[in-house]
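Trainee: These are the residues of each chain, in order.
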Amino acid sequence: MSVNIHPTAIVMPGAELGEEVTIGPYSIIGQVARIGKGTVIGAYCEIGTHAGVLPSSAVEIGTNSVIRSGSVIYQNSVFGEGLKTGHRVTLREGISAGAGLQVGTLSDIQGHCSIGQHVRLHSNVHVGQKSTIGDFVWIFPYVVLTNDPHPPSETMEGCVIEDFAVVATMSTVLPGQIVGRGALVGAMTLVKENVPEDMICVGVPGRIVGSTSKVRFKDNGKSVYPWRRHFHRGYPEEVIARWRHEFSQEDDAK
Amino acid sequence: MSVNIHPTAIVMPGAELGEEVTIGPYSIIGQVARIGKGTVIGAYCEIGTHAGVLPSSAVEIGTNSVIRSGSVIYQNSVFGEGLKTGHRVTLREGISAGAGLQVGTLSDIQGHCSIGQHVRLHSNVHVGQKSTIGDFVWIFPYVVLTNDPHPPSETMEGCVIEDFAVVATMSTVLPGQIVGRGALVGAMTLVKENVPEDMICVGVPGRIVGSTSKVRFKDNGKSVYPWRRHFHRGYPEEVIARWRHEFSQEDDAK
Amino acid sequence: MSVNIHPTAIVMPGAELGEEVTIGPYSIIGQVARIGKGTVIGAYCEIGTHAGVLPSSAVEIGTNSVIRSGSVIYQNSVFGEGLKTGHRVTLREGISAGAGLQVGTLSDIQGHCSIGQHVRLHSNVHVGQKSTIGDFVWIFPYVVLTNDPHPPSETMEGCVIEDFAVVATMSTVLPGQIVGRGALVGAMTLVKENVPEDMICVGVPGRIVGSTSKVRFKDNGKSVYPWRRHFHRGYPEEVIARWRHEFSQEDDAK
Chain A
1 MSVNIHPTAI VMPGAELGEE VTIGPYSIIG QVARIGKGTV IGAYCEIGTH
51 AGVLPSSAVE IGTNSVIRSG SVIYQNSVFG EGLKTGHRVT LREGISAGAG
101 LQVGTLSDIQ GHCSIGQHVR LHSNVHVGQK STIGDFVWIF PYVVLTNDPH
151 PPSETMEGCV IEDFAVVATM STVLPGQIVG RGALVGAMTL VKENVPEDMI
201 CVGVPGRIVG STSKVRFKDN GKSVYPWRRH FHRGYPEEVI ARWRHEFSQE
251 DDAK
Chain B
1001 MSVNIHPTAI VMPGAELGEE VTIGPYSIIG QVARIGKGTV IGAYCEIGTH
1051 AGVLPSSAVE IGTNSVIRSG SVIYQNSVFG EGLKTGHRVT LREGISAGAG
1101 LQVGTLSDIQ GHCSIGQHVR LHSNVHVGQK STIGDFVWIF PYVVLTNDPH
1151 PPSETMEGCV IEDFAVVATM STVLPGQIVG RGALVGAMTL VKENVPEDMI
1201 CVGVPGRIVG STSKVRFKDN GKSVYPWRRH FHRGYPEEVI ARWRHEFSQE
1251 DDAK
Chain C
2001 MSVNIHPTAI VMPGAELGEE VTIGPYSIIG QVARIGKGTV IGAYCEIGTH
2051 AGVLPSSAVE IGTNSVIRSG SVIYQNSVFG EGLKTGHRVT LREGISAGAG
2101 LQVGTLSDIQ GHCSIGQHVR LHSNVHVGQK STIGDFVWIF PYVVLTNDPH
2151 PPSETMEGCV IEDFAVVATM STVLPGQIVG RGALVGAMTL VKENVPEDMI
2201 CVGVPGRIVG STSKVRFKDN GKSVYPWRRH FHRGYPEEVI ARWRHEFSQE
2251 DDAK
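Protein chains in written order, with my numbering: chain A, 1 to 254; chain B, 1001 to 1254; chain C, 2001 to 2254.
Bear in mind the hints are in silico, worked out from the structure with no lab data behind them.
For glycine and all other residues, C-beta sits at the position ideal for the given N, C-alpha and C.
Accuracy of the hints is not assured; some may be wrong.
The calculated label-pair distances, taken between Cβ atoms and stated as ranges, are [stated by the list, open to error]:
#: 1; chain 1: A; residue 1: A241; chain 2: C; residue 2: M2156; range: 40 to 50 Å
#: 2; chain 1: B; residue 1: E1019; chain 2: A; residue 2: E193; range: 48 to 58 Å
#: 3; chain 1: A; residue 1: S56; chain 2: C; residue 2: V2209; range: 16 to 26 Å
#: 4; chain 1: A; residue 1: E193; chain 2: B; residue 2: N1220; range: 37 to 47 Å
#: 5; chain 1: A; residue 1: V3; chain 2: B; residue 2: F1247; range: 57 to 67 Å
#: 6; chain 1: C; residue 1: P2013; chain 2: A; residue 2: Q249; range: 16 to 26 Å
If we strip away everything but chain A, and leave its shape as in the complex, we get (with noise of 0.2 Å):
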């Protein structure tokens, strides 16, 4: 098998490396870690970390995944193809991601939650337990997302951040609130309420302030949102083939 790995890392007994997995020194893989092929995994990172929760199950991660360094994820999640993470990302138990998930340096995934397709994490985001993340969804530095409506308590009511919403940096939202789809949360606003689709929120605490129809770029008048019509930046061909079908016919019928 063509795998890479660093004379310094410690494979465990069990552990199953696709063709040309990288494993780069001093990481740690434990026995339940089940990487795809072509995955470059940094230094110091340990894959398959048990908490002593939930009973040993294994961690996949798709293909083509690039972790770096000195990151952390536990066992029983599931990650698809071309996870990419910074350095130092935690992902604890439960988690569950479809392809292309990108998540900043020293962000922190709490686990027991769900996460769509294509979504970006910045830096330093954190995501409670029980938060439900949609499609394409994205998310920037230092944005919680909390989940105990009154702490400390057993509750736990996660939030909802629906397909194409994006959060800005330094925001807050509340426990069990839902961002609606293609909706946008200002810089350091503190969601109280759920925010609904294609609609704007900003402020502490956040309130709803237009359209995101009305938002637009300053040098050519055009609409920023749906950002999808303009932003492709390392999407897939077939994803941004559709979207470009959707504003044509969109186009086509003005």
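Fit chains B and C to the known structure of chain A by using the hints.
Mentor: Same frame as chain A, but now just chains B and C:
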């Protein structure tokens, strides 16, 4: 001595390890480390780091502690039994902490501070120097306790968080402010003035909006606070018994 | 050559280490690293990481620097003498920084930015790409400098933080905003508009509330700002002498 030291760990001469201590791969245990019986230290930890500021002296970690991977604990501190840390925490010099301290992933205690019994800091909490934290305090993610009233200066006025107080996510406590016993600081609050006992402070800037007694569970209408009436997870039996006794007497009095 | 390399460190052929350089346990020094005389690198550091974006080129770290454990420093950057980092900092590609830069634990400089002389970033500061930071700037914990005016987009408008400016804890500076020379951004402020020289901006959204000259020490009634009048800790002798001269002349003129 029945200790379990991974062959890649570096344990310096002089370090004192109690029985059944476990040291994970690639960890570094300094000569001034005093690690209590039954404590488990994960991978990539540094215990007994010297900042070069104070004269070198011991760091004591109580029995049955769990230090998760990537954590750095400096010299000149004392932690009671049952310390539990997340990954990559930083505990600097001059910390005196009681039993049962929990410090979440990425949290950073800057040192020279006093922490009571059974305090729980969630992920990514920043505790500035000269802070004083009482017993049974809860501090949630991305909270910052500051200390410099006119930065940058040589003045340091630590915050005081009294027993049973709760500081919710993404709040900042300004220098020298006191969050009173049993008080609640809401999410994303800037605490500019003292919060009296059992009162609620919310907003930017924070304002006192009433008593914690008015917060009730949605499902059964009972009071959420004081939280020790209903939330007992992980506290020692004798503590829970004391709390039960406290409230049974109160209930009898009604 | 009198270097001190721990036997577990990995130093790649081509790396250039000045005299009296110390490399800690388990650190990885890439072939493009150029590390100045007297610099101390702690454990678990990676110096010269390649993001695979730009062509491979050197990272230069000035003399007498201190890089604390768990830090990652990419290629294609230049740091002046006396760089000091906390633990687990991330310094990405394309940073040009003057002498005396301090970067606190967990801070993340995303690269492609310019930083002046003797800048001090405290813990957990996030500096977005295209930021410009002047000389003698202070940035406190959990501050984020953003760059995308309508996320997600291909537009990048970096922030500018001018000489002697101070940005307090938990503030966010929106894309393209300028914090003027000597200005003060209060804790938990959302900077949406430029802050003029020597003015104070506070709130969400941030508003200009007056001049820094009105901030006075409680004990002696003297002006806090410009802070260089009274705060000299850690700056080079010649810098302190210049500041003393500046204010003695001003005092003489009164």
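Trainee: Each hint: holds or not?
Mentor: Against the structure, the hints:
| no. | hint | verdict |
| --- | --- | --- |
| 1 | A:A241 with C:M2156: 40 to 50 Å | violated, 26 Å |
| 2 | B:E1019 with A:E193: 48 to 58 Å | holds, 54 Å |
| 3 | A:S56 with C:V2209: 16 to 26 Å | violated, 57 Å |
| 4 | A:E193 with B:N1220: 37 to 47 Å | violated, 23 Å |
| 5 | A:V3 with B:F1247: 57 to 67 Å | holds, 59 Å |
| 6 | C:P2013 with A:Q249: 16 to 26 Å | violated, 57 Å |
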